[in-house]
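Asker: Please put together the full structure from these sequences, using the hints given.
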Amino acid sequence: MVSMNRLKKPLTFAFAAVAVFATVASAADRKEARSQVEFGIKVAAQGLWKEAIYRWERAVELDPTYAAAFNNLAVAYETAGWFDKAKKAYERALELDPKNLYIKQNFDLFKEINDRANRQSSR
Amino acid sequence: MRIANRLASAALVLAASACTTMFEVPVETPIKPKLDVTAFSRVLVAGFVAGGTEDVDANLETVRLLRSQLKNKSNLKVIDADVLPLREVAAKNQPARQADPASPAPATDLPAVIKEDRDLQAFEPLFANAAYWKKIGEEFQSPLIVTGTIMFAPQATTGYVQREQEVYDTFGRRQVVPVRTFMERKGFILKPKFIFIDGRTGAVLYTETFREEVLYSVEQSNPALSTYFELMDRLVPSFLSALSSQSIRGTRTLLK
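Same order as they appear, the protein sequences are chains A and B.
All residue numbers for the first sequence refer to the working numbering, where the first residue is 15 and numbers rise by one.
All residue numbers for the second sequence refer to the working numbering, where the first residue is 219 and numbers rise by one.
What the hints contain is simulated information worked out from the structure, not anything from laboratory work.
Remember, it's a predicted structure, so these values are computed and weren't measured experimentally.
Please note that a few of the clues may not be correct.
Mimicking DSS-like on lysine-lysine, the simulated pairs with C-alpha atoms at most 25 angstroms apart in a straight line are [as the list claims (entries may be wrong)]: (1) B:252 x A:99; (2) A:101 x A:64; (3) B:411 x B:250; (4) B:474 x A:113; (5) B:474 x A:118; (6) A:102 x B:250; (7) A:45 x B:474; (8) B:252 x A:125; (9) B:474 x A:102; (10) B:474 x A:101; (11) A:125 x B:474; (12) A:99 x B:250; (13) B:252 x B:295; (14) B:250 x A:125; (15) B:252 x B:411; (16) B:474 x A:56; (17) A:64 x B:250; (18) A:113 x A:101; (19) A:64 x B:474; (20) A:101 x B:250; (21) B:291 x B:250; (22) A:101 x B:252; (23) B:474 x A:99; (24) B:252 x A:102.
Answerer: Spelled out as structure tokens, the structure:
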């Protein structure tokens, strides 16, 4: 019993340390995701959409709750003509941030084009 | 004091730009062509069976317009060849068809003048004649062949039309109110049917039909040819989207 009690303290300490470390790691991921998103915006502004896709895919891997990254990724997929992927990314962005008007507006514009493309292929 | 104000406004601008989390970017969204034309490097706009009015040679004008559009907006090499007189070709092919007792379809007489849609139906067997189109394809090194029918006909209607009218009240204030008036109107209707044929086999790959119309008041005088181009202008992008990918320009918002 004594030995168990002796063990309890270091174990609790270890769990706390792991928990703190995990939080720190996810904060680091979020920071890294943000820098990937910022870099993606820079390269997208220069028309380098493939590089932007790589950056934003990395960002959503690092932080799967990052609505802006999903929005940007959806825009990039759209410019690549990957409409299915773009739709999923927009939907995920809106799930994460349903009140964001910019995402809504982007999605509405995308839907217009997607509908048109679907009409063409179904003719 | 002035310097302090300027500094404060500069600080505000800086703070605002630092907080900017959205960026509007121009985008070009590509739309895939309806038809896979990767097997073709050349296109032959062969000719059309046209009718409806004598004022415009819709066969010749359509061939010229589509060839010039394809030259500018597609990757296919456009073959400049004489326009096929398809009505004559259909007439030539008809006696042979009538003489063939094995032919399952009863031969229909080709109309001397094409005035309505049903007149064009008599020419349908020509487009299904794979042997004929294969022969044309061999002549031009197996291109993608574009052909079909064009109905460009005048139309006139009478009825109530809603339009806006200016009125002034007792105080001289201007108002615009909708007014329904009985009007006689005239115009044209354009109904092209584009048929895309594989020049290697003579088989029909894809068919697309369009319908556009325009009506003017009877006092307005619009030449038939300019109306024809006005209507074709509306549907040429759809025609081109069958063969080449198009991109739609717009803007999207990127977020931080």
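Asker: Are the hints correct? Go through all of them and say.
Answerer: Status of each hint after checking the structure:
1. Annotation: proposed proximity of residue 252 (chain B) to residue 99 (chain A) holds, straight-line Cα distance about 20 angstroms (limit 25 angstroms).
2. Note on residue 101 (chain A) and residue 64 (chain A): the hinted pairing holds, with a Cα-Cα distance of about 18 angstroms set against a maximum of 25 angstroms.
3. The suggested pairing of residue 411 (chain B) with residue 250 (chain B) holds, with an alpha-carbon distance near 21 angstroms, which does not exceed 25 angstroms.
4. For the proposed pair residue 474 (chain B) and residue 113 (chain A), the alpha carbon gap of about 16 angstroms is at most 25 angstroms, so the pair holds.
5. With a C-alpha separation of about 16 angstroms, the suggested pairing of residue 474 (chain B) with residue 118 (chain A) holds against the 25 angstroms cut-off.
6. Note on residue 102 (chain A) and residue 250 (chain B): the hinted pairing holds, with a Cα-Cα distance of about 19 angstroms set against a maximum of 25 angstroms.
7. Of the pairs offered as hints, the one joining residue 45 (chain A) and residue 474 (chain B) holds, with about 12 angstroms between alpha carbons and a cut-off of 25 angstroms not exceeded.
8. Of the supplied pair hints, the one linking residue 252 (chain B) and residue 125 (chain A) holds, its CA atoms being roughly 19 angstroms apart against a limit of 25 angstroms.
9. About 19 angstroms separates the Cα atoms of residue 474 (chain B) and residue 102 (chain A), which keeps this hinted pair within 25 angstroms; it holds.
10. Of the pairs offered as hints, the one joining residue 474 (chain B) and residue 101 (chain A) holds, with about 20 angstroms between alpha carbons and a cut-off of 25 angstroms not exceeded.
11. Pair hint residue 125 (chain A) plus residue 474 (chain B) holds up; C-alpha atoms about 23 angstroms apart against a cutoff of 25 angstroms.
12. A hinted pair counts as satisfied when its Cα atoms are at most 25 angstroms apart, and residue 99 (chain A) with residue 250 (chain B) qualifies at roughly 15 angstroms.
13. Using a Cα cut-off of 25 angstroms, the hinted pair residue 252 (chain B) and residue 295 (chain B) holds, with the two alpha carbons roughly 19 angstroms apart.
14. For the proposed pair residue 250 (chain B) and residue 125 (chain A), the alpha carbon gap of about 16 angstroms is at most 25 angstroms, so the pair holds.
15. Straight-line distance between C-alpha atoms of residue 252 (chain B) and residue 411 (chain B) comes to about 15 angstroms, which keeps the hinted pair within the 25 angstroms bound.
16. With a CA separation close to 11 angstroms, the supplied pair residue 474 (chain B) and residue 56 (chain A) stays within the 25 angstroms bound.
17. Simply put, residue 64 (chain A) and residue 250 (chain B) have alpha-carbon atoms about 19 angstroms apart, close enough for the 25 angstroms limit, and the pair holds.
18. Between the alpha carbons of residue 113 (chain A) and residue 101 (chain A) the distance comes to roughly 17 angstroms, so the proposed pair stays at or under 25 angstroms and holds.
19. With a C-alpha separation of about 18 angstroms, the suggested pair residue 64 (chain A) and residue 474 (chain B) falls inside the 25 angstroms cut-off, and the hint holds.
20. Taken as a hint, the residue 101 (chain A) and residue 250 (chain B) pair is honoured in the structure, with Cα atoms around 17 angstroms apart against an allowance of 25 angstroms.
21. Between residue 291 (chain B) and residue 250 (chain B) the alpha-carbon distance is near 14 angstroms, which keeps this suggested pair within the 25 angstroms criterion.
22. A C-alpha spacing of about 21 angstroms is found between residue 101 (chain A) and residue 252 (chain B), which places the hinted pair at or below 25 angstroms, so the restraint holds.
23. Note on residue 474 (chain B) and residue 99 (chain A): the hinted pairing holds, with a Cα-Cα distance of about 20 angstroms set against a maximum of 25 angstroms.
24. Pair hint residue 252 (chain B) plus residue 102 (chain A) holds up; C-alpha atoms about 23 angstroms apart against a cutoff of 25 angstroms.
When each numbered hint is compared with the structure, no violation occurs for any of them.
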